[in-house]
Amino acid sequence: MSTLSEYRGGVWAFSENKDLMLELLGKGSELANKLQTELTAIILGHGVSNQANELVAHGANKVYVVDHPYFKNLHADPYVSALTDLVNQYKPEILLIGSTRRGKELASRLATRLETGCVSDCTELWIDEKGRLLMNRVVYGGNAIATEMCRTKPQIATVPPRTFEKLERKDRKGEVVKADVKIEEPRAEILETKEIETAKVKLEEAKAIVACGRGVEKKEDIKIFEELAETLSGLVGYTRPLCEDRGWYTEWIGLSGHYVKPDLYIACGISGVIQHIAGIRDSKIIVAINKDPEAPIFEIADYIIVGDIYDVVPALSAALKKLT
Amino acid sequence: MPRIFVCAKQALDVTELKIDSATRRPIIAGVPRKISDFDKNAIEEAVRLKEKIGGEVTIITVGLEEAKTTLREALAMGADKGYLISDPAFEDSDTLAVSYILAETIKKLGEFDLIICGEASIDSFSAQVGPRLAERLGIPQITYVRKVSLDGNTLVAERSLEDCHETVRIKTPVLLTVTREINDPRIPSLMAIMKASKKEIVVWKAEDLKISKERVGKTGSVIQVTDVLAPKVERKKIAIKAETVEEIAENLVKALVKEGVVAK
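As you go down the protein sequences, you meet chains A and B in turn. Basically the numbering used here = 1-based index in the first sequence + 3. Position 261 of the second sequence, counting from 1, maps to 254 under the numbering used here, and the rest follow consecutively.
Hints are computed from structural coordinates only; laboratory data are not their basis. You may find that some hints are simply not true.
[What the hints assert, rightly or not] A partial selection of chain A residues facing chain B, derived with a Cβ cut-off under 10 Å:
id, residue
1, L137
2, E151
3, R190
4, L194
5, Q278
6, K325
No residue lacks a Cβ here, since even glycine has one placed at the ideal position from N, Cα and C.
Extracted from the complex, chain A is given alone in its bound form:
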């Protein structure tokens, strides 16, 4: 068994998602600076060596590249075996992994093979005075934030998309190393991949969001809310029930979906379960419109309107149009 002090290989970042990888490097470089160590990016792929320079330009001091046909699709087996071997050879003290659904299974499996801890979906990461990594994550369905740390190394944290900022792309120096590792053959065979429609615009960047909940009766009614969003130069968002129960959309606001912080958040026909509130807590002003005077959403709203969204929302669009 390795001792903790052996782990001097710095801070590592890995994600198969390119944007998320750059975000990990953004936070990773802050952690590495604090620890006065190196930031290393890991690329596992096939025909991907040209991506290394991009990662250096975004803050990686070093890039380990493993190129193999097994990495063409993201199967856990080859990825976990390659990462295990890399960790055993180069001993990072911190490993950040992008918390996509693929990334999550990878991280848990890797952490088990290495007999170490992994904290899922970290919303904040920092180094304490003893040089340990502290990790915040949302627990109890959005009711609370837990601060956790890991007694073993590497300390593994998974980070959801759009949590941290990328560093500015600029001319930086970095070393690109072709790594030689053991890679297991994938046991699953991919038969088919059906793309699903994802939003082109980012909710996280919207200044105003009009969010629709169960109170919206039919999918075609969404246009009423789109009109309000347009008047505000904002975007429309949805709750999880509209996505998972009714199947209208694929991306929701709230726990395990989008975390948003617009200047103005208008919750329309949303009861306000804690899992939804967890995703909107950092909004500047929250307006809630709901028929039910007891709706929990009112507890976290700045402005409360008890009323029918089908009356209030069109009236609101009209009142806003009068402003200009």
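Since the structure of chain A is provided, determine the placement of chain B on it from the hints.
Just chain B now, kept in the frame of chain A:
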């Protein structure tokens, strides 16, 4: 005939959780527990597979004595056997330790074709135990499954990922984690509940599984929770009221302009 294991957790019903407003700490004592939502989908899918192709469904729960109610409910849904893995030494185990307890249980139970878990638990939501268990048993996993079929030892599953639905084929034994899209769990009939009350629940302790106490509980866990706090909520909670909906809308717009979140 496939032998299917389902790992179900008796989780805190987080919708019932209250926060102590003075300390901002969650009040865990007295919060009711229930089967974690996604684990119910896992039980349902196992029972549906059994109804289609035969076999046997075994539910495994690591938890307190009161977690027997979770097992009773699963048996009423159609599972055949229930195992409660319970020992004071297991308290405060993290995912590394829980996956070890589950792996030792499954090794004792013997051969199997399929293990089904929920994608995550409703209270801690780490989504780690499934893949960690698969790793310990040396079998592959397919996570976030929304559709599954089993033919002999060939399993085909459709996964729900952020940008796509991915269909994969794999040989059993394999571990699946399922999303709530996969089914609507049944509500057992009174008859089924009565029948389930006669089924046996086996309780195993650490020594029954030859579990090393250094590897479980606080001692065996590598993750330390240093604090748990509710986020601060300070909202104005101003009710906008007026005679007509038009006036309500105008009053709100005025307020939003004042806040500087709507341009004049």
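Verification of the hints:
With 10 Å as the threshold, the beta carbon of A/L137 comes within range of chain B, its nearest partner Cβ sitting at about 7 Å, so the hint holds. With its C-beta approaching chain B no nearer than about 5 Å, A/E151 sits inside the 10 Å limit, and its interface hint holds. For A/R190, the suggested interface contact is upheld, since its CB lies about 4 Å from the closest CB of chain B, less than 10 Å. For A/L194, the interface hint holds, the least distance from its beta-carbon to any beta-carbon of chain B being 5 Å, beneath 10 Å.
Using the Cβ-Cβ criterion of 10 Å, the hint placing A/Q278 at the interface with chain B is satisfied: the shortest such distance is roughly 8 Å. Using the Cβ-Cβ criterion of 10 Å, the hint placing A/K325 at the interface with chain B is satisfied: the shortest such distance is roughly 8 Å.
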